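Number of protein chains: 2
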Amino acid sequence: MVLGVTAGGARRATRTLRLLVLVSLSVCICVGRASSPPEDSSMENIVTEKKAEESHRQDSADLLIFIMLLTLTILTIWLFKHRRFRFLHETGLAMIYGVLVGVVLRYGIHVPRDISNVTMSCPVNASPATLLVNVSGKFYEYTLKGEISANEVNNVQDNEMLRKVTFDPEVFFNILLPPIIFHAGYSLKRRHFFRNMGSILAYAFLGTVISCFVIGLLMYGCVTLMKQVGQLAGDFFFTDCLFFGAIVSATDPVTVLAIFNELQVDVDLYALLFGESVLNDAVAVVLSSSIVAYQPEGDNSHTFEVMAMLKSFGIFLGVFSGSFALGVATGVIYVKLLDCLHVTKFTKLRDFQLLETALFFLMSWSTFLLAEACGFTGVVAVLFCGITQAHYTFNNLSPDSQDRTKQLFELLNFLAENFIFSYMGLTLFTFQSHIFNPMFIVGAFSLFCFPLLNLVPTQLAVFLGRAANIYPLSFLLNLGRRNKIRSNFQHMMMFAGLRGAMTFALSIRDTATYARKMMFSTTLLVVFFTVWVCGGGTTQMLSCQRIRVGVDSDQDNSMSIAEGSERRSTKQESAWLFRIWYTYDHNYLKPILTHSGPPLTSTLPPCCGPLARFLTSPQAYENECQLKDDDSDLILTDGDISLTYGDITVSTDALGAHTSGGTAFAGMATSDDLDRELTYGDHELVMRGTRLVLPMDDSEPPFTDPHHRMRM
Amino acid sequence: MVLGVTAGGARRATRTLRLLVLVSLSVCICVGRASSPPEDSSMENIVTEKKAEESHRQDSADLLIFIMLLTLTILTIWLFKHRRFRFLHETGLAMIYGVLVGVVLRYGIHVPRDISNVTMSCPVNASPATLLVNVSGKFYEYTLKGEISANEVNNVQDNEMLRKVTFDPEVFFNILLPPIIFHAGYSLKRRHFFRNMGSILAYAFLGTVISCFVIGLLMYGCVTLMKQVGQLAGDFFFTDCLFFGAIVSATDPVTVLAIFNELQVDVDLYALLFGESVLNDAVAVVLSSSIVAYQPEGDNSHTFEVMAMLKSFGIFLGVFSGSFALGVATGVIYVKLLDCLHVTKFTKLRDFQLLETALFFLMSWSTFLLAEACGFTGVVAVLFCGITQAHYTFNNLSPDSQDRTKQLFELLNFLAENFIFSYMGLTLFTFQSHIFNPMFIVGAFSLFCFPLLNLVPTQLAVFLGRAANIYPLSFLLNLGRRNKIRSNFQHMMMFAGLRGAMTFALSIRDTATYARKMMFSTTLLVVFFTVWVCGGGTTQMLSCQRIRVGVDSDQDNSMSIAEGSERRSTKQESAWLFRIWYTYDHNYLKPILTHSGPPLTSTLPPCCGPLARFLTSPQAYENECQLKDDDSDLILTDGDISLTYGDITVSTDALGAHTSGGTAFAGMATSDDLDRELTYGDHELVMRGTRLVLPMDDSEPPFTDPHHRMRM
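So the sequence lines, in the order shown, correspond to chains B and A.
Plus 55 on top of the position in the first sequence (first one is 1) and you've got this note's numbering.
Plus 55 on top of the position in the second sequence (first one is 1) and you've got this note's numbering.
Derived by calculation from the structure, the hints in this document are not laboratory data.
Honestly, I wouldn't trust all of these hints.
[As the list claims (entries may be wrong)] Once the Cα atoms are required to be at most 30 Å apart in a straight line, the calculated BS3-like pairs of lysine-lysine come out as:
(1) 244(A) / 461(A)
(2) 461(A) / 461(B)
(3) 244(B) / 461(B)
(4) 244(B) / 461(A)
(5) 461(B) / 244(A)
Quick caveat, the model's predicted, so the values are computed rather than measured.
Sequences and hints are given; from them, build the entire structure.
The following block contains the structure:
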């Protein structure tokens, strides 16, 4: 069947793809069915090779289900891209397939009752982590899996298989999240990020906290109501509500950003949304852990206490800044390490690139794990490690390794993300302890017969939380910004508040208590709703809000140049935070960490001479008369630069050419160069080579842009 | 400290590296220490967030140990490469670091006794897989971890941490082995492999079986002796001995091959060794599983029975051929799939490459899992899947994806391999149930006070097993081969019989019984010994055996051409197996699976016309007058080709040039072209582009080689 098709036209390919999708789906289901253990099970010789082999086969089948799901998703994406179908993103698709397979696993397969499961009523008054059972002289070791509610005890046998496909939540945190977060940091479009740094930080920090508290308060109201009506079967405290608010505040607009990327939506909107969502996750993780750490003294552990709250706040600050420092520190260590290693000569370049990439991968991951092991937050650490590496290490990597590392993390991110989303779909039906409390979801007036409508109020709370984040903050920010965040941008940001991998990972991490189980189930529904509805409606929303699409960022720039000096000054004013940082970075950090920038001896005061000489790499001196600044895309005002190292600036580029960048740019003065420099920066990180520093003499042709030449 | 070094000379870099290695090692140890749980543990509220967080932190620390070990290994390799230090390969190094950290974990860290572990003597007469414990009304679920010997019960608490760093053996089989095996298949140097196919198959199949039985018999003699002396504390049957023989027969000369690669040792020796070791693993896995499946009927289950043995033999054949078929089939499906998908147009090439690479990765892994889930052997399936994909898919991939997939699997292979070896080092001290029975290792006359000498007899058995494989088989093969396997090659192959990842994975997979535990411990020592001693002595052995090094395979070829027709005919005769296969592949498989080769309509008999037209890709017709044969490196005799599609051969290449390949080749006749074609093939798979088919007219300049032109 598959062999029979030998590549016809596009229509034939589409038909084949459909066929393949069907085949894959049926394979998926077959595997699910095949994974049920055979019926004969003898009571004796349980720990034999047979048993081990069977268990291994089962494990393989479980893993295969996920691999097949991912393959299926990729095949369908291929089809969608071919058809230019934008209503459903790959993540939404992965979820749908996950749900389908989940349904099959749950209802389609009936595992015969395994008689080897035994319920014991032992005279122990505790549930230890490890249990040693003495069975007629032989000792067997058991490990605790978790508590089972009394009414589920009889279902345990049936659920054996479902439990098998349910992963340890640690897998998400230790293995799947790091590449996603690191990739976000590593692929951050730094130019736009730094240009909007103030707003992004405001949204990420203030916004997340506001959103967390608004959602927490609304949910607390809902929970109180439920208690009164008697619909609550367990404890649900205010801290639980706040915790829910925190985990639900982590936005993940991966779907929206993919569409933005494809349609080339306004770069500032993209930067705001991407930057916010990246930092958002970091803040939400730390916030949720500090809410968990809130423990007032005394008997009633769920009252409000100022000291405990201050302590939580302190934890938040401490953990965040600690993780930040750790991430940056490991990033910096890696930069220096690579620097040292680059001195070694290799007989084979291929070996060298392999080592470089492997080291890069391991260092990134170890940052995450180190932070987690130290009690900090790995997500925050790995995010800032990624940003640091993109900023400093990237220039120290060999060009081939730059490509390899980018491709590697792209692939890992792609696989991990789709895995999480398809797993989400799967857990909707296979997770053991779902508590879909419609009361929690819709409040007291909800009806059981409208399960879909039930979703609205939580969704409402989640949306209100986001609204309370976006609109007031945008209003405040607009007071300070000249380049206003327009109302259609605000609506779009509001709409793009999808919940995704991070929210899921946070909620599945601990599903021990009644409240947490309810949260997990609700979170799952929130993710489904936002990814499908908001994600699917992005293109409609964009056209409805009349947001410009098809904006080439080059074109955008030349337009802004044509608009004259008005817009430039706007940017400069809004980015005061950035300017301070840039000067510091360019004068001190760059020279220490990379081979670019001016030697420290010329930027540090003369009294620090010996230190400066010690810290500056010899290459910086070598480059002195041919100063390359690979990151000149971050230069903002040439005034800063001329102040700092005006004495060593030269006007020849690496090729010794004095040619102008092109007639279109020939007439413009130095102040425009920066804007242009800001533009030609991170479209293709690989393209950046040695670049000239701006000449100080205005009468000279101002700017030689190798990229421009390359495009011509 | 790290910051202080800003890249001086090479010596300074070396010193820094040493420092960094030290720092990393201490971090490793610190992490190990940090990972010990705090001392206060309350009996109540065990399943709280605190506990979960602590467990998470512990998991992170455990993973971090491995990541640090890998990082350390990479750093040291960097240093070694710099120093051109060849005595210790990266895998040997990884093991040493593993042993060091294992010692620290075992003896350096004392975990306080955890009182929450409880030993119960419950009135159950079985050890179920899942245990439900009723603790004062609440039900807790426990899962079986394994049996613990009575004298170890008291140590369980102490070993809590050690057990944590001991991975589930399934991890090796489902996650770490697939990339290693796939990479082996994918990076197989096909030209040399196919040229020596007969010998490689003989070594791999016959050789492994011989080695398995020789080792099994020797060990059985040893075990019988031990029983008589009373040194055996448990059962050890003949099947166990055979099983040991099988797992120890899987050679893994990764160390040797790396050195061969670096020193450019004779390509035929390389091909023999690599091909043998790759297939070896596959055979050993299937062999060991069919030995496990040997179950005679009746009461005494360890007697010899012809029927049971025949059944085992049938299982061996069935599983091997089934896995082979599955691997090739999924490879072929992937080829066709990619073919269909390539029809779709993409707006962004980058997206496309990402999907292509992701699909490639997932398909390879799913082959492994599918085979395992179906009861076949994943290793065999994934190996042949890799070979199929390298042979057929590679040409259908976009050039960038060819690079990406190669790099990806190179990286995965590197990481997985080093992980396994460092884990091996770690388990030497952290594994719980080691049984180092010196009697098993040295026999009755061994002394406890010479633990190192103890190793010799098992080593002797292992060596004898290999000797019984290599020497007699080489003798037989040399009867048929004109290009003899010289005695120094035989000695080298004998010496290069290292044991590695596969042997370890097979032995750790099941350590339930006494015999298996003893095997595992012994295997570990065998691996250590062979990797360190044999791996370290490779260069000495090479010079001792006077094996030519620094052989450029191009040069080798031109020499063989200079030697005249004698050697050519040798090759042709020895490769009769290959010639049959090649004709079939070139005429039927290539046209069906790729866009290269002649259209089927010209190779199939006229009666199959409609079928041929259906199976041939339209592109094959398009290419008809410009016939590209990307795999002409596999062409052996032009006689075959002229017979098959002599009517459609043209003598212009893609560029329309009629130039000769170079003066050196100008005077040579067609029969030499093939030998040359065989040579310029898989040095760099990426380099292969459209190539001309040999012109039939001998008076024309015979051969236009784009590679040669590229080199000039």
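Here is how each hint holds up against the structure:
no. : hint            : in the structure
1   : 244(A) / 461(A) : holds, 13 Å
2   : 461(A) / 461(B) : holds, 15 Å
3   : 244(B) / 461(B) : holds, 13 Å
4   : 244(B) / 461(A) : holds, 28 Å
5   : 461(B) / 244(A) : holds, 28 Å
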